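Student: Chains as they are written, first to last, in our numbering: chain C, 1 to 86; chain X, 1 to 86; chain U, 1 to 86; chain A, 1 to 86; chain Z, 1 to 86.
Keep in mind the hints are simulated off the structure, nothing from the lab.
Honestly, I wouldn't trust all of these hints.
If chains are identical, the list can't say which one is meant, so a pair holds when it fits in one copy or spans any two.
Claimed, not checked - Derived EDC-like pairs: lysine to aspartate or glutamate, alpha-carbon spacing no greater than 16 Å straight-line:
{"hint": "1", "residue 1": "LYS65", "residue 2": "GLU18"}
{"hint": "2", "residue 1": "LYS2", "residue 2": "GLU29"}
{"hint": "3", "residue 1": "LYS8", "residue 2": "ASP78"}
{"hint": "4", "residue 1": "LYS30", "residue 2": "ASP66"}
{"hint": "5", "residue 1": "LYS8", "residue 2": "ASP48"}
These numbers were taken from a predicted model, which means no experiment stands behind them.
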Amino acid sequence: MKIMQVEKTLVSTNRVAELGHRPLLVVREKVGGGRQVAIDAIGCIPGDWVLCVGSSAAREAAGSKDFPSDLTIVGIIDHWQVEEKA
Amino acid sequence: MKIMQVEKTLVSTNRVAELGHRPLLVVREKVGGGRQVAIDAIGCIPGDWVLCVGSSAAREAAGSKDFPSDLTIVGIIDHWQVEEKA
Amino acid sequence: MKIMQVEKTLVSTNRVAELGHRPLLVVREKVGGGRQVAIDAIGCIPGDWVLCVGSSAAREAAGSKDFPSDLTIVGIIDHWQVEEKA
Amino acid sequence: MKIMQVEKTLVSTNRVAELGHRPLLVVREKVGGGRQVAIDAIGCIPGDWVLCVGSSAAREAAGSKDFPSDLTIVGIIDHWQVEEKA
Amino acid sequence: MKIMQVEKTLVSTNRVAELGHRPLLVVREKVGGGRQVAIDAIGCIPGDWVLCVGSSAAREAAGSKDFPSDLTIVGIIDHWQVEEKA
Numbered sequence: 001m002k003i004m005q006v007e008k009t010l011v012s013t014n015r016v017a018e019l020g021h022r023p024l025l026v027v028r029e030k031v032g033g034g035r036q037v038a039i040d041a042i043g044c045i046p047g048d049w050v051l052c053v054g055s056s057a058a059r060e061a062a063g064s065k066d067f068p069s070d071l072t073i074v075g076i077i078d079h080w081q082v083e084e085k086a
Numbered sequence: 001m002k003i004m005q006v007e008k009t010l011v012s013t014n015r016v017a018e019l020g021h022r023p024l025l026v027v028r029e030k031v032g033g034g035r036q037v038a039i040d041a042i043g044c045i046p047g048d049w050v051l052c053v054g055s056s057a058a059r060e061a062a063g064s065k066d067f068p069s070d071l072t073i074v075g076i077i078d079h080w081q082v083e084e085k086a
Numbered sequence: 001m002k003i004m005q006v007e008k009t010l011v012s013t014n015r016v017a018e019l020g021h022r023p024l025l026v027v028r029e030k031v032g033g034g035r036q037v038a039i040d041a042i043g044c045i046p047g048d049w050v051l052c053v054g055s056s057a058a059r060e061a062a063g064s065k066d067f068p069s070d071l072t073i074v075g076i077i078d079h080w081q082v083e084e085k086a
Numbered sequence: 001m002k003i004m005q006v007e008k009t010l011v012s013t014n015r016v017a018e019l020g021h022r023p024l025l026v027v028r029e030k031v032g033g034g035r036q037v038a039i040d041a042i043g044c045i046p047g048d049w050v051l052c053v054g055s056s057a058a059r060e061a062a063g064s065k066d067f068p069s070d071l072t073i074v075g076i077i078d079h080w081q082v083e084e085k086a
Numbered sequence: 001m002k003i004m005q006v007e008k009t010l011v012s013t014n015r016v017a018e019l020g021h022r023p024l025l026v027v028r029e030k031v032g033g034g035r036q037v038a039i040d041a042i043g044c045i046p047g048d049w050v051l052c053v054g055s056s057a058a059r060e061a062a063g064s065k066d067f068p069s070d071l072t073i074v075g076i077i078d079h080w081q082v083e084e085k086a
């Protein structure tokens, strides 16, 4: 799993039906690192350091084997020091 | 999921039957970044910033568990600032 | 899917039975890029620019869910400009 | 599989139910390399050099096909020389 | 599939039961490249240039859908020139 920080919500009105209305969050691996988009399975807010699961496990973690996710937030990290950039 | 921009359509006449006649789009992660090819499950045009799902989720997102895709466009991003290069 | 160019055939006499006698092709993402090996599901010749699918989709694209491939050529690109290095 | 070293335990109180109470360990590929988080299927302590499996195999290795892991520790390496940084 | 060279055997006494007693080999993509660990499904010796399959195909190639491998050696390359570093 990757340690990432939540940046903001992503708005995508035109999306495949399988995504439903699940929130899409822009996350990044470290300050200045590349952005990706994750499905939120927990309820996070911008600034949270979170645990993201990828690969085929991201589908089930998002709620069902059919959910089209390759990156899902599965936990909020209690304490993460910024100087410990992942 | 990755944030990518649609560049153009890719023409591949000689292809495996499982791909059908689905449009193939050349996408790239950022200006100057490497190109990949994605299956369009939404209906995009060149210039659109889109959400691409990879891994095993790309198959189902393209329409069925048997579809041979490892990168499928599942949403169009409403607003994406170029300066926010993914 | 990745845009790659076919370089040559790879000879591997001692291989697992599941690979059968399917041709193995050395492919590379761009001139000077790293080499990988793909299963040919189309019928390519050296120099062709091809579309390669990875992840779990590579198995089915190679002919069956049990085929041990993680990179399968699923289409030949009609026209690809060398200056558009993928 | 990747050769990684265990750094410490990660605390995540707010997590998806599927993760249960399984320990989460921060691991890194080499001194100074990026950190990831793995599920411990063996019983490791900080400092151990371990074998981590990713991809879809990480789920089953963590105990069941439904476990949301993309990185699971499946073995402790008996002897690993630091100068052989993985 | 990746072209890798076998370096040596890896000893891991404390491992998950699903790995059985299958040999674990340290492999690397090129001289000086990073090391990974692969399951040997062929019978290789140090120095051999081999074909390694990853992703979900690595499980079946290692003998069964339940085998926890994400990198399995599926063929020995007959001739590989060192100057053709993969």
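Student: All hints are to be evaluated individually against the structure, with a verdict given for each.
Tutor: Status of each hint after checking the structure:
Taking the closest pair of Cα atoms, LYS65 and GLU18 come within 16 Å of each other both inside a single copy (11 Å) and across two copies (14 Å). Taking the shortest Cα distances, LYS2 and GLU29 sit within 16 Å of each other both inside one copy (7 Å) and across copies (13 Å). Taking identical chains as interchangeable, the C-alpha atoms of LYS8 and ASP78 lie at most 16 Å apart only when they sit on different chains, with a minimum of 14 Å there against 19 Å within one chain. In this assembly of identical chains, LYS30 and ASP66 lie within 16 Å of each other by CA distance neither inside one copy nor across copies; the values are 30 Å within and 29 Å between.
Only within a single protomer do LYS8 and ASP48 lie at most 16 Å apart by alpha-carbon distance; the minimum there is 10 Å, versus 20 Å between protomers.
Hint 4 from the earlier list is the only one contradicted by this structure; the remaining hints agree with it.
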